[in-house]
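Now for the letters of each chain:
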Amino acid sequence: MAVFILGGGKVTLALHGSTHQVGGSDVLDLRGLQGGWLTADVIGNRPAASKRDRYFYATDSGALYWDNGFTWVMIAAAALGDWVLKLVDTVYQAATDGVVMANNNSLLGGSLLGLTDSSTPPTVVRRQWSISNAYGGITFTVKKNDYWKVTYPYPMLSVWWIPSGL
Amino acid sequence: MQTMTVVTGFGYLTDAEGHIVSKYELPVGDHPLSDGYSAVEVESLAALDLIEVWVPPPTPEEIKREQDRASAIDKLKLYLQFTDDEVKALGI
Numbered sequence: 085m086a087v088f089i090l091g092g093g094k095v096t097l098a099l100h101g102s103t104h105q106v107g108g109s110d111v112l113d114l115r116g117l118q119g120g121w122l123t124a125d126v127i128g129n130r131p132a133a134s135k136r137d138r139y140f141y142a143t144d145s146g147a148l149y150w151d152n153g154f155t156w157v158m159i160a161a162a163a164l165g166d167w168v169l170k171l172v173d174t175v176y177q178a179a180t181d182g183v184v185m186a187n188n189n190s191l192l193g194g195s196l197l198g199l200t201d202s203s204t205p206p207t208v209v210r211r212q213w214s215i216s217n218a219y220g221g222i223t224f225t226v227k228k229n230d231y232w233k234v235t236y237p238y239p240m241l242s243v244w245w246i247p248s249g250l
Numbered sequence: 292m293q294t295m296t297v298v299t300g301f302g303y304l305t306d307a308e309g310h311i312v313s314k315y316e317l318p319v320g321d322h323p324l325s326d327g328y329s330a331v332e333v334e335s336l337a338a339l340d341l342i343e344v345w346v347p348p349p350t351p352e353e354i355k356r357e358q359d360r361a362s363a364i365d366k367l368k369l370y371l372q373f374t375d376d377e378v379k380a381l382g383i
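So the protein sequences, as listed, match chains A and B. The opening residue of the first sequence carries number 85 in this note's numbering; numbering runs sequentially from there. The opening residue of the second sequence carries number 292 in this note's numbering; numbering runs sequentially from there.
In short, the hints are calculated from the structure, not lab data. Cβ coordinates follow ideal geometry from the N, Cα and C atoms, glycine included. Treat the hints with care, as some may be off.
Among the chain A residues that face chain B by a calculated CB cut under 7 Å, a handful are [to be verified]:
#, residue
1, S203
2, T207
3, A218
Can you build the whole structure from these sequences, using the hints too?
Following this line, the structure appears as C-alpha cells:
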C-alpha cells in the first residue's frame, strides 16, 4: 500500500503490493512535482493559488507560502535583504515589509521624522526625534505596499532601508 | 483620496500652498495621493536631484527651545569656563 500526499491536502490510499514483497510498488517521490505538497522555485514561477494546503518555498527570497485555496499566504518570513541607501525627503513604496533607519551626520539641530502610511506623501509620524548638538537617529518599521519617507531640515543624514526577504 | 499616475518613476509633491514638500521614487503605475497634495513628474533621477524640498520655518516652540539652549551654553561658558569642545561633549 502506498500513501500519496497530493496538492489538495488529501491522503489517498491506493492498493498496491507492499514495497517489501515481490511485485510491490516503488516508493514515489513527489517532491518538486507540480501538484506535490511542496514545491520550490523562484517567486516568479510560483503557480496560481488554487489548491488548499500546498506550500511554496521561494528560493530567491527564502520565504515560505501556504496555498489557502484562493491566495498564497506567507507563513514564514524570509531573512532580511541587503541594506539600501535612500534619500531624505523622498517618498518610497515598500515592496516588502522592512525597517528604516536614519542617522544624522552633523551636530546641526532639528526634528528628524519618520512617516509611513498607505498614501503618498505619508503624513502619519511614526517616529520623531528632536536633535540639538548631538548625533542620533530613528528606526521605524514599514508595512509592505505602504509609503514612507524621512524628513530632516539638513541634507547631512543617512537613510537606510532593509527589506524582509526580496 | 486622489490618484497619481507615475510614468517615469521620479517626481515631487507639492502641498496646497505650492510648497515642494517631498520628492518621490515610486514604481510605475497608479498610487493613492493624499488629499491636498499634487504630483509633478520629472524625467529622471538626475532631474530629481536638482529639486529642492521646501523647509518650513521653525515653529515658535522650536525657536524658544533653541534660544533656551543657546542661553544655557552661554552661561556654562561664562560662569563655569566651559570650552566649546566641553560643551559639545555634553551633547546639548
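*When the least beta-carbon distance from A218 (chain A) to chain B is tested against 7 Å, hint result*: Where the cut-off is 7 Å and the nearest Cβ of chain B is about 4 Å from A218 (chain A), the hint holds.
_Per-residue hint verdict: T207 (chain A), partner chain B, C-beta under 7 Å_ = The hint holds - T207 (chain A) has a Cβ within 7 Å of chain B, the shortest such distance being about 6 Å.
*Taking 7 Å as the limit, does the beta-carbon of S203 (chain A) come near enough to a beta-carbon in chain B?*
This interface hint holds because 4 Å falls under the 7 Å limit.
Checked against the numbered hints listed earlier, the structure breaks none of them; every hint is satisfied.
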